[in-house]
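K.L.:
Can you build the whole structure from these sequences, using the hints too?
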Amino acid sequence: MYADAGFAFAFAAAYSPTLTSSQPQPPPPPFDYAFSSEPPLLSMPAMDHDAYLNLGANTPRPAANVCVTISDLKTEERKQKLSRYRKKKIKRNFGRKIKYACRKALADSQPRVRGRFAKIEECDLLKPSK
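Residue numbers (the UniProt record's numbering): 1 to 130.
There are no misleading hints in this set.
Using 20 Å as the maximum straight-line C-alpha spacing, the simulated SDA-like pairs for lysine to any residue come out as follows:
#1 Lys-79 <-> Lys-89
#2 Lys-88 <-> Glu-77
#3 Lys-99 <-> Gln-110
#4 Lys-81 <-> Cys-67
Don't read these hints as lab results, they were simulated from the structure.
P.N.:
The structure is reproduced here in structure tokens:
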């Protein structure tokens, strides 16, 4: 019973202009269920979780991080970034280097079926009997 009252208070705080802000807000548009292009639950605004938790009602929120794309950069910066990318691309190493010789020796001695490691029993079953 009390949990419902808490939810009702949070719901009222999130959607009531008198509880969350001092400026008057226009009323929400009426729901037209017959002609709506999306379900009514998706068209409702999201609940403000700070109002539900009653945290930071008057504290300013940090500005959203702005993503910088390459087209936003100046031409000189773009040229520098492209040249750095090309230099690093040339230095890439796709060759295999064996770091531990003992691991290679163990892998070479293990039985394989179609290039994959297999148990000894599986190898015995696949070998033709004489």
